[in-house]
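In the order they appear, the protein sequences are chains A and B. Heads up: the first sequence at position 52 corresponds to 52 in our numbering, and the numbers run straight through without jumps. Heads up: the second sequence at position 75 corresponds to 75 in our numbering, and the numbers run straight through without jumps.
Honestly, I wouldn't trust all of these hints.
[Said to hold, decoys possible] Far from chain B by the CB rule (all over 10 Å, computed), these chain A residues: (1) Gly32; (2) Gly46; (3) Arg49; (4) Pro61; (5) Asn96; (6) Glu177; (7) Ser179; (8) Thr223; (9) Phe244; (10) Glu296; (11) Pro341; (12) Asp352; (13) Leu379; (14) Arg462.
[To be verified] Dumping the calculated DMTMM-like pairs for lysine to aspartate or glutamate here, alpha-carbon to alpha-carbon at most 20 Å: (15) Lys59(A) with Glu405(B); (16) Lys59(A) with Glu379(B); (17) Lys300(A) with Asp412(A); (18) Lys192(B) with Asp66(A); (19) Lys376(B) with Glu80(A); (20) Lys185(B) with Asp163(A); (21) Lys300(A) with Glu397(A); (22) Lys376(B) with Glu450(A); (23) Lys376(B) with Glu397(A); (24) Lys192(B) with Glu180(B); (25) Lys215(A) with Glu279(A); (26) Lys188(A) with Asp163(A); (27) Lys192(B) with Glu54(A); (28) Lys406(B) with Glu379(B); (29) Lys376(B) with Glu405(B); (30) Lys131(A) with Glu180(B); (31) Lys376(B) with Asp66(A).
Hint data in this document are derived by calculation from the structure and do not stem from the laboratory. Quick reminder that beta carbons are idealized off the backbone N, C-alpha and C, glycines included.
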Amino acid sequence: MSRMVEITVDGIRIEAQEGRLLLPVLLENGFGVPYFCYHEALGPDGNCRMCMVEIEGSKRPQISCDTFVSEGMEVRTEGESIESVRRRILELELINHPVDCPVCDKAGECSLQNYYMEYGLYGGRVGRDEKLHAEKRVDLGRGVLHDRERCVLCQRCVRFCRDIVGSAELCVAGRGERSYITTVPGRKLENDYAVNIVDLCPVGALSSVDFRFKKRVWFLETTESVCHGCERNCSIYADHAQDFDGVERIYRFRPRRNDEINGHFICDEGRFGYRELEERHMESCRVAGADSDEKEAEAKARELIERASSIVVTASADLYLEEMKAISEFALKIGASLHIPLDGYDDPDFSDEWLKCSCRASNRASVLESGIDTAYPKLTSSDLLINFDHPHISSSEAKRLDIVSLEMDGGDEADVTLPLSVWSRRSGTMISRDGVRQYCGNILPPARNERDIYGWIDTISRWKDES
Amino acid sequence: MRDVKIVSARFDIDGMYRLDTALKEGAYSTLEKAFSMSGREIVDMVHRSGLRGKGGGGAPAAPKWRLVADDESGLDSVVVINCDESEPGTFKDRQIISKDPHLLIEGILLTSYAVGAHDAYIYIRGEYRPFEKILRRAIDEAYEAGILGESVSGSGYRVDITVHRGAGAYICGEKSALLESLEGKRGHPRLKPHAREPEWYFGRPTLVNNVETIATVPYIVANGPEAYRGYGTPESPGTLLFGMSGHIERPGIYEAEFGVSMMEYIERYGGGVRGKAGLKAVIPGGASTPVLTADEVKEARLDYESMRALGSSLGTGGMIVMDESVDMVGVLENLLGFYRYESCGQCTPCREGTGWSDRIVSSILSGEDDMGGIDKLMELADTMNGKTICVFAPAVAGVIKAFVEKFPDEFRAGRGGGR
Chain A
1 MSRMVEITVD
11 GIRIEAQEGR
21 LLLPVLLENG
31 FGVPYFCYHE
41 ALGPDGNCRM
51 CMVEIEGSKR
61 PQISCDTFVS
71 EGMEVRTEGE
81 SIESVRRRIL
91 ELELINHPVD
101 CPVCDKAGEC
111 SLQNYYMEYG
121 LYGGRVGRDE
131 KLHAEKRVDL
141 GRGVLHDRER
151 CVLCQRCVRF
161 CRDIVGSAEL
171 CVAGRGERSY
181 ITTVPGRKLE
191 NDYAVNIVDL
201 CPVGALSSVD
211 FRFKKRVWFL
221 ETTESVCHGC
231 ERNCSIYADH
241 AQDFDGVERI
251 YRFRPRRNDE
261 INGHFICDEG
271 RFGYRELEER
281 HMESCRVAGA
291 DSDEKEAEAK
301 ARELIERASS
311 IVVTASADLY
321 LEEMKAISEF
331 ALKIGASLHI
341 PLDGYDDPDF
351 SDEWLKCSCR
361 ASNRASVLES
371 GIDTAYPKLT
381 SSDLLINFDH
391 PHISSSEAKR
401 LDIVSLEMDG
411 GDEADVTLPL
421 SVWSRRSGTM
431 ISRDGVRQYC
441 GNILPPARNE
451 RDIYGWIDTI
461 SRWKDES
Chain B
1 MRDVKIVSAR
11 FDIDGMYRLD
21 TALKEGAYST
31 LEKAFSMSGR
41 EIVDMVHRSG
51 LRGKGGGGAP
61 AAPKWRLVAD
71 DESGLDSVVV
81 INCDESEPGT
91 FKDRQIISKD
101 PHLLIEGILL
111 TSYAVGAHDA
121 YIYIRGEYRP
131 FEKILRRAID
141 EAYEAGILGE
151 SVSGSGYRVD
161 ITVHRGAGAY
171 ICGEKSALLE
181 SLEGKRGHPR
191 LKPHAREPEW
201 YFGRPTLVNN
211 VETIATVPYI
221 VANGPEAYRG
231 YGTPESPGTL
241 LFGMSGHIER
251 PGIYEAEFGV
261 SMMEYIERYG
271 GGVRGKAGLK
281 AVIPGGASTP
291 VLTADEVKEA
301 RLDYESMRAL
311 GSSLGTGGMI
321 VMDESVDMVG
331 VLENLLGFYR
341 YESCGQCTPC
351 REGTGWSDRI
361 VSSILSGEDD
371 MGGIDKLMEL
381 ADTMNGKTIC
391 VFAPAVAGVI
401 KAFVEKFPDE
411 FRAGRGGGR
């Protein structure tokens with residue numbers, strides 16, 4: 001199977017592994033072959049019939065998704081006869097399609113639309129009144145909506161739930177042109193990875209309530225990033241855009257293929273992890289449990305630093321590796337002990353057999369690599385605790401200064417709380433539970449008037465030096 | 001032309017569906033002989049008889065049997081009987097299961113023994129409920145008499161038969177869709193394998209044969225392959241339960257040997273075309289075979305090779321006879337309505353093409369279409385041909401092309417009103 005052989009595609013000789021499927025080989029070598037049902041993670045299904053190519057010696061065009069590479073194979077992806085086959089099958093995908101691209105969220109990243117622009121460009125031969133109509137908004141569960149008119153029945157969604165997740169909530173019902181995707185009677189989508197089917201959908205049939213009607217995709221900028229939801233560190237794309245109010249916002253996270261970590265997919269909780277960055281972003285300073293202006297809070301914080309004789313530092317296990325190093329040096333310099341306790345991050349209810357890990361400390365491996373003490377600090381002999389964003393530090397006998405990116409859900413309030421920019425506005429290295437290092441650049445620029453870890457270290461060091 | 005009854009020999013005997021009558025009439029008499037032979041010897045017998053699959057495709061039966069008999073996976077093989085008889089114009093298998101069900105059971109026992117299978121499944125068309133009852137009763141009787149079960153007629157060889165009723169989908173007559181359905185899934189045809197291999201039922205090597213094919217096996221075992229070859233042509237040996245419906249004096253199923261003249265067959269058994277209108281056309285072997293004009297019918301002989309030479313196909317041998325009163329556009333619309341409804345919806349060309357072609361023909365029929373419809377229709381037929389997983393869409397394409405090309409005057413534009 002692993003022998004390399006030579007094949008010819010449109011007169012160009014390429015090397016390919018014998019016995020591999022032809023379609024991915026063509027795609028990897030830059031040949032344009034349209035397809036709906038094939039997907040690298042799901043394999044071939046052979047239903048859309050779009051990926052047809054001509055193979056020397058075959059009477060009829062063959063679907064390249066179910067053809068194996070063999071020595072000396074001669075393939076044609078271009079030429080009038082194969083292009084006309086492609087055009088006609090594409091036309092059939094469109095005869096009952098509503099062509100409602102102007103109100104479709106997929107417009108701009110839709111395979112059907114792209115193929116029409118590339119291979120079609122004919123006038124419709126079926127009048128608008130002749131088209132079959134079907135339900136436009138079927139709630140499949142988990143915030144996924146299905147538009148039956150736009151569906152090309154490639155069954156990627158059905159296969160994902162059946163073959164990848166194993167929950168098999170989806171099926172095809174009806175027959176012929178009245179076929180439609182639906183949930184199995186009595187069920188709804190209920191798996192923790194369901195929203196991946198929205199990415200898998202090559203057309204606008206599946207949409208996520210979370211993103212629906214929020215932004216035209218051509219306004220979005222994409223930045224590679226890493227999910228901070230657990231120690232898996234799934235690779236993601238973050239799509240963001242400047243809003244009409246001039247504020248840059250993240251609109252969605254999508255999985256980014258990484259065969260070392262998450263393959264093609266991410267869990268739904270990670271996907272929606274962008275929401276809290278805005279919703280729970282700690283914006284104001286707080287002093288003794290009440291909102292405070294920046295000046296007052298900083299003055300109070302400075303007072304705490306100046307009066308402290310014995311300091312303990314804690315930090316979050318979600319910080320980047322470089323930030324942890326900087327905090328280590330800072331702690332050493334001010335003669336404080338540093339702790340990143342890991343206990344509080346354990347969340348067994350979250351974990352599963354696939355991507356979701358019970359340890360929600362996204363950069364736990366960096367903590368261990370840095371050799372930082374993971375025990376809970378003893379606070380009795382100290383008079384000040386400086387906490388860099390650790391969400392699970394409870395009350396202390398000592399005074400407490402918190403530097404926090406997201407609002408805490410409950411817990412004890414520090415004497416002074418200062419805001420830290422959120423992870424999407426900072427950058428650094430993450431190490432996954434399996435030891436894969438990824439650099440996570442900032443998705444959005446640092447917010448004005450907001451300091452990152454280094455900024456706060458500088459500030460506090462200066463207070464300390466001046467005291 | 002001579003009369004011959006191989007499969008239908010006992011159809012006219014009163015109460016043949018009952019085991020006591022069947023035993024009196026010689027049912028299961030081949031078992032003793034079969035169990036004295038090896039399974040391989042029976043496969044060879046079938047090979048030498050030239051038996052061809054009688055479900056419509058006409059592929060030689062023995063190579064399929066060999067694939068299962070020779071399978072080296074070590075898994076128990078399975079025999080599946082395709083009784084999902086849904087092809088319009090075809091009603092032969094139901095004659096077997098209702099008139100002589102023990103013949104089918106005997107055939108299943110021989111086949112299972114030949115290919116080394118112990119489990120057989122009969123996949124029966126959902127709408128065949130009344131016939132299914134007769135078949136089930138026969139199976140029950142055979143179990144009670146020890147003909148089925150742990151030790152078939154005391155041979156020590158186990159065969160169990162399970163009847164599974166389909167939910168009424170035409171496509172489940174396609175063997176791989178049938179197996180999907182039998183596995184409890186949606187009846188979608190499977191992608192074709194890249195090399196010659198048996199079918200698979202839950203991962204077990206499986207032989208799928210039509211009811212009539214299996215019902216022919218007892219005759220071959222009893223009388224030897226040469227006896228079967230004594231009928232038909234060298235390429236299409238033996239007989240088929242040909243049938244007639246439509247404008248015919250005596251519609252029904254009448255067995256005949258391959259190679260006889262279609263016209264003679266229609267005259268001899270069907271009593272000729274009904275009424276005075278005269279013959280216009282015949283759909284030769286179930287709705288999915290290309291229609292023949294009256295002139296072609298005069299040339300036609302009922303064997304696979306002759307029908308292929310005429311550009312059509314013998315199919316199931318279920319002829320639909322039409323007289324001059326028939327509007328061919330209306331017939332095509334009727335057929336396309338069926339295909340539109342029965343396409344499984346898996347492959348794009350079939351899913352969308354059957355519906356669109358039906359709409360186009362409807363508009364031609366109602367006279368609403370301008371000349372463009374026929375061009376669109378022919379182009380569509382071309383798109384549906386050879387670009388799908390199974391042969392459903394190519395068959396529809398062949399049907400459309402034959403109607404339009406053979407009756408061009410009727411498919412002219414602006415025909416004003418139709419029916």
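*Violated hints - listed by number, lowest first*: Checked against the structure, the hints that fail are numbers 2, 3, 4, 5, 6, 7, 15, 22, 23, 30, 31, while the rest are satisfied.
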